[in-house]
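So the sequence lines, in the order shown, correspond to chains A and B. Here the first sequence is numbered in the working numbering, starting from 1 and rising by one per residue. Here the second sequence is numbered in the working numbering, starting from 1 and rising by one per residue.
To be clear, the hints were calculated from the coordinates, so they are not data collected in a lab. Where a beta carbon is used, it is the ideal one built from N, C-alpha and C, also for glycine. Among the hints, erroneous ones may be present.
[As the list claims (entries may be wrong)] Calculated Cβ distances over 12 Å to all of chain B for the following chain A residues:
hint	residue
1	10
2	37
3	42
4	182
5	221
6	239
7	341
8	343
9	376
[As the list claims (entries may be wrong)] Distance ranges between label pairs, derived from CB positions:
hint	chain 1	residue 1	chain 2	residue 2	range
10	A	384	B	83	34 to 42 Å
11	A	299	B	107	52 to 60 Å
12	B	68	A	360	24 to 32 Å
13	B	59	A	298	36 to 44 Å
14	A	218	B	19	53 to 61 Å
15	B	68	A	341	41 to 49 Å
Given next are the chains, with one letter for each unit.
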Amino acid sequence: MSDALPENAPPRRTALDSVHRALGATMTDFAGWDMPLRYGSERDEHHAVRTRAGLFDLSHMGEITVTGPQAGELLDYALVGNLSAVKAGRARYTMICDENGGILDDLIVYRLADGRESTYMVVANASNAQVVLDALVARQAGFDAAVRDDRDAYALLAVQGPKAHGVLASLTDADLEGLKYYAGLPGTVAGVPALIARTGYTGEDGFELFAAPQDAEKLWQALLSAGEGEGLVPCGLSCRDTLRLEAGMPLYGHELTRATTPFDAGQGRVVKFEKTTNDGRFVGRDALEAAAERAAATPPRVLVGLVAEGRRVPRAGFPVVTADGTRIGEVTSGAPSPTLGKPIAMVYVDAAHAAPGTEGVAVDIRGTHEPYAVVALPFYKRER
Amino acid sequence: MSNPEQLRYSKEHEWLSTAEDGVATVGITAHAAGALGDVVYVQLPDVGDTVTAGETCGELESTKSVSDLYAPVTGEIVEANQDVVDDPGLVNSAPFEGGWLFKVRVTDEPDDLLSADEYTAFTAG
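The shape of chain A in the complex, shown without the other chains (with noise of 0.2 Å):
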């Protein structure tokens, strides 16, 4: 046995720290912050989430605020979605590109307010928090618009699961059932002011909640007390990534890098070409088109997942190959997954081996090749 105790780091806590280490929390060093992992069994926490609910402690994600009367155009040209064009009370998965259309980050940005007071809330990746808020500093200049860090301000939970609605609703007065997926709007929940979204990265129902670091501990033990009974549970970022993985959901620094474009990661769709403001420009627009115009003509590689039938895990960087050993594509995230019961993995492949069905796939598993049915993307899909 080795490499399997975690390293100590000096790391940052959040403000449901203390709660985390008086639940026995396995902790980890995740982006410079010090996380729950888990709390007891990471299998047990993901069947809670599919079957029953959820609460994890987010606080590391990065929340950037944009504000003013041009804060859509300032948006519009910065990101690579319509954002101008997102109601008051919505929000929009999109991404941050380079000149060269490589990603620096995929973003959630939930539209606060319209009008002359006019306000975006960006929530970055914790590793790339940085990275987003000097592009947009950097971006900003020539728009009526302000970019603050409010990285600080919030504490973020979720509450996530078939019971997550219901457990949050015992806590608030708040109208749910007209919130819709990817929809938040202001309330108060267990008397807390928090901002309340129908946003998740785990392929279920479910919310995220923003509110005051001051807050946060009184809404997490609300939360995990109305949702006793559900059989809501604490959950740490290991489930989270397994979660995330079987729903087919792209994680920054696996699926998407710099040296990767929307387009090269099957994520086209959130960039838009015909914007409602600045005449369409915005920061990676050349290379975008050209990427685009690649992708549908001759994808270079393709993302796609691989169900085992062994019970070796693959592993990000791992080869994919051939039967007679070709290298035909990398494993960008691996793991056991606790629905399918079968380790499951997120590649890119070269296009002539991207269908679902195609034989003779395998991953080089330390030497040895592991055969892998070729899936198309999610593993899991929950039913509505």
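With chain A's structure known, arrange chain B on it following the hints.
Below, chain B without anything else, positioned relative to chain A:
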């Protein structure tokens, strides 16, 4: 979970029972199992293999990582635990009991194996 007094321990987090008729049972500690998380795949040495103290002889795969399994002593494998191959979760649920990994006929052992108290202190640091 406390470390049983009657066992000895390696710094690679294996435990080793007192040899009976020259055969010792080997597993990984509760501390190691807890650090790994849910174990999903176990590859053990085959019966008849010779393993060498301090060298890898198998692997343990969990949700997040794969770890090498090291032989705490030198000797010949006389039994591998098929139950733990079929149900790797035994490593987490019963690391010192049903989650044992293999039995080895000991021909040599290193002089740096730890007592339960020493291992407890080792993992506390």
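Now the hints, each set against the structure:
no.	hint	result
1	10	18 Å, holds
2	37	8 Å, violated
3	42	5 Å, violated
4	182	29 Å, holds
5	221	26 Å, holds
6	239	8 Å, violated
7	341	10 Å, violated
8	343	8 Å, violated
9	376	24 Å, holds
10	A:384 with B:83: 34 to 42 Å	40 Å, holds
11	A:299 with B:107: 52 to 60 Å	58 Å, holds
12	B:68 with A:360: 24 to 32 Å	30 Å, holds
13	B:59 with A:298: 36 to 44 Å	40 Å, holds
14	A:218 with B:19: 53 to 61 Å	57 Å, holds
15	B:68 with A:341: 41 to 49 Å	25 Å, violated
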